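Visitor: Put chain B on the given structure of chain A with help from the hints.
Okay, here's what each chain looks like letter by letter:
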Amino acid sequence: MTPRPERSKWRRLLIPFGGLCLAGFAAFWGLTMPQRLDADALAGMDGDPARGERVFHLGGCAACHAAPSAEGDARLVLAGGMAFPSPFGTFRAPNISPDPDHGIGGWSAYDLVNAMRYGTAPDGRHYYPAFPYTSYIRASTADIVDLKAFLDTLPPSATPSAPHEVGFPFNIRRGLGLWKLLFLNEDPAFTGDPSDQARRGQALAEGLGHCGECHTPRGALGQTLEDAWLQGAPHPSGKGKIPALAGLDWSAADIAAYLKTGFTPEFDTAGAEMAEVIQNLAQLPDEDRAAIAAYIKALPAP
Amino acid sequence: MTIMTRFAGLALAGLMIAGPVAAQDAVADAIKARQSQMRLYAFNLGQLGAMAKGAIEYNADQASAAAGNLALLSTLNAGAMWVPGSDSMSVSNTRALPELWDNMADVGAKAQALAAATAAMNDAAGNGLEALQAAMGPLGGACGACHKAYRAPE
Numbered sequence: 001m002t003p004r005p006e007r008s009k010w011r012r013l014l015i016p017f018g019g020l021c022l023a024g025f026a027a028f029w030g031l032t033m034p035q036r037l038d039a040d041a042l043a044g045m046d047g048d049p050a051r052g053e054r055v056f057h058l059g060g061c062a063a064c065h066a067a068p069s070a071e072g073d074a075r076l077v078l079a080g081g082m083a084f085p086s087p088f089g090t091f092r093a094p095n096i097s098p099d100p101d102h103g104i105g106g107w108s109a110y111d112l113v114n115a116m117r118y119g120t121a122p123d124g125r126h127y128y129p130a131f132p133y134t135s136y137i138r139a140s141t142a143d144i145v146d147l148k149a150f151l152d153t154l155p156p157s158a159t160p161s162a163p164h165e166v167g168f169p170f171n172i173r174r175g176l177g178l179w180k181l182l183f184l185n186e187d188p189a190f191t192g193d194p195s196d197q198a199r200r201g202q203a204l205a206e207g208l209g210h211c212g213e214c215h216t217p218r219g220a221l222g223q224t225l226e227d228a229w230l231q232g233a234p235h236p237s238g239k240g241k242i243p244a245l246a247g248l249d250w251s252a253a254d255i256a257a258y259l260k261t262g263f264t265p266e267f268d269t270a271g272a273e274m275a276e277v278i279q280n281l282a283q284l285p286d287e288d289r290a291a292i293a294a295y296i297k298a299l300p301a302p
Numbered sequence: 001m002t003i004m005t006r007f008a009g010l011a012l013a014g015l016m017i018a019g020p021v022a023a024q025d026a027v028a029d030a031i032k033a034r035q036s037q038m039r040l041y042a043f044n045l046g047q048l049g050a051m052a053k054g055a056i057e058y059n060a061d062q063a064s065a066a067a068g069n070l071a072l073l074s075t076l077n078a079g080a081m082w083v084p085g086s087d088s089m090s091v092s093n094t095r096a097l098p099e100l101w102d103n104m105a106d107v108g109a110k111a112q113a114l115a116a117a118t119a120a121m122n123d124a125a126g127n128g129l130e131a132l133q134a135a136m137g138p139l140g141g142a143c144g145a146c147h148k149a150y151r152a153p154e
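Residue numbers (my numbering), protein chains in the order written: chain A, 1 to 302; chain B, 1 to 154.
So that you can see chain A by itself, here it is in the shape it has in the complex (with noise of 0.2 Å):
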């Protein structure tokens, strides 16, 4: 008995078809693995809480990870619960404080090297860039490990981190790693030949200070605009605008001032957003908001 002509030509298409999806899908599955450092990286480097304390200030890690609105030592506990709308869904920030089951207290410093600079989950997943790993990406593997026994100091919380609402297609996470490869890397954003202080500046503004990641308008799949860096953009809850930090005519005294004082030359205050930034900023050393004023002053005005 032969087979029906119609059956076989219908074989001879599928197999090609079902081999085309196989290689799609492989290719997929290797252009979004997660990226991790080497597993050796970390050796011999041990954290330091007392700088990791100055990290953990630069970086506003309690700005979205302390419970929504806590104030005082209350912000210390980062038991997360804030919420961030965006065109992709509402993300909650994660409980990160050192309980073992709800928080990071069973992480590694490794693993948190790979969560902050790489978006890399523990166990592979994907962050979703909320979480600024693309400005985080620059920051140093000590400075990370530093922070690691900084927040093992902290009071643990037994809050669960309550889950992101986000909508297909976004709620793929493996996907993320296809916006990873375009859009996540660690080259400097100002290309200009600033002086050493602006330098040093610009390390902490484009890093852990992760600026950028408000200042900067971000494009249709929610990637920083390298090309219009810190020149402002739309507020993301869709009324008012985030003022752009590059062409600002405050001095660079003035500006130095604001980061410590919330005072801007006007003598209004930074409100919203900016005055948790600037709680967290006025924890640092003078010269760090001196560096990162050079840095401002140093950009270039659109």
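Each hint should be verified, as a subset may be incorrect.
Dumping the calculated SDA-like pairs for lysine to any residue here, alpha-carbon to alpha-carbon at most 25 Å [said to hold, decoys possible]: (1) K241(A) / F183(A); (2) K241(A) / K32(B); (3) K241(A) / I31(B); (4) K32(B) / A152(B); (5) K239(A) / P98(B); (6) K241(A) / N93(B); (7) K241(A) / R39(B); (8) K53(B) / P265(A); (9) K53(B) / A244(A); (10) K53(B) / A290(A); (11) K239(A) / K53(B).
Bear in mind the hints are in silico, worked out from the structure with no lab data behind them. Note that the structure is predicted; figures quoted are calculated from it, not measured.
Guide: Coordinates of chain B only, in the frame set by chain A:
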């Protein structure tokens, strides 16, 4: 219909028109008043801030005068300036978020903290530049606490 009832009817109609207008005026006046209070804060803070940043030379008398004004300003009873309906959802010329009216106990606590910070500045301002500079940060924090929670971004 007697003259009296006709007059009462007219008065009532007048009230129905004037009522909302009067309320709008009251809101506008209250917003103007509290923004004026903020201007006075800014002017006196400007005196202290210019010294703190080294833009002008430190002067103990001038610093004490400005700090004294701040202390007075922070103890004004401003309750009537924050009338209901004068929030950023109801009118356009304010950034005061409606949440402020839902959290009056917290607003009161923050006002008390501001009064404590201006009192500390009042103690410090006449005692040299370093004392003044050290008091600027906590004072900025006290101002910022309310703006962080209850003021919309620009």
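Visitor: Under the criterion that the straight-line Cα-Cα distance not exceed 25 Å, is the pair K239(A), K53(B) satisfied?
Guide: violated, 33 Å
Visitor: Within 25 Å, alpha carbon to alpha carbon, are K241(A) and K32(B)?
Guide: holds, 24 Å
Visitor: Can you confirm whether the C-alpha distance between K241(A) and R39(B) stays at or below 25 Å?
Guide: holds, 23 Å
Visitor: Would the hint linking K241(A) and N93(B) be met if the CA-CA limit is 25 Å?
Guide: It holds: about 16 Å lies between the C-alpha atoms, which stays within 25 Å.
Visitor: Hint check: K241(A) vs F183(A), CA-CA at most 25 Å. Holds or violated?
Guide: Holds: K241(A) and F183(A) sit about 24 Å apart, inside 25 Å.
Visitor: Does K53(B) pair with A244(A) here, judged by a C-alpha cut-off of 25 Å?
Guide: holds, 23 Å
Visitor: Within 25 Å, alpha carbon to alpha carbon, are K239(A) and P98(B)?
Guide: holds, 14 Å
Visitor: Between K241(A) and I31(B), is the straight-line Cα distance small enough, at 25 Å or below?
Guide: holds, 22 Å
Visitor: Run the distance test for K53(B) versus P265(A): straight-line Cα separation, threshold 25 Å.
Guide: holds, 10 Å
Visitor: Can you confirm whether the C-alpha distance between K32(B) and A152(B) stays at or below 25 Å?
Guide: holds, 17 Å
Visitor: Just to be careful, I want the Cα atoms of K53(B) and A290(A) compared with a cutoff of 25 Å; is the pair within it?
Guide: Answer holds: K53(B) to A290(A) is near 12 Å, not above 25 Å.
Checked against the numbered hints listed earlier, the structure breaks hint 11 alone; every other hint is satisfied.
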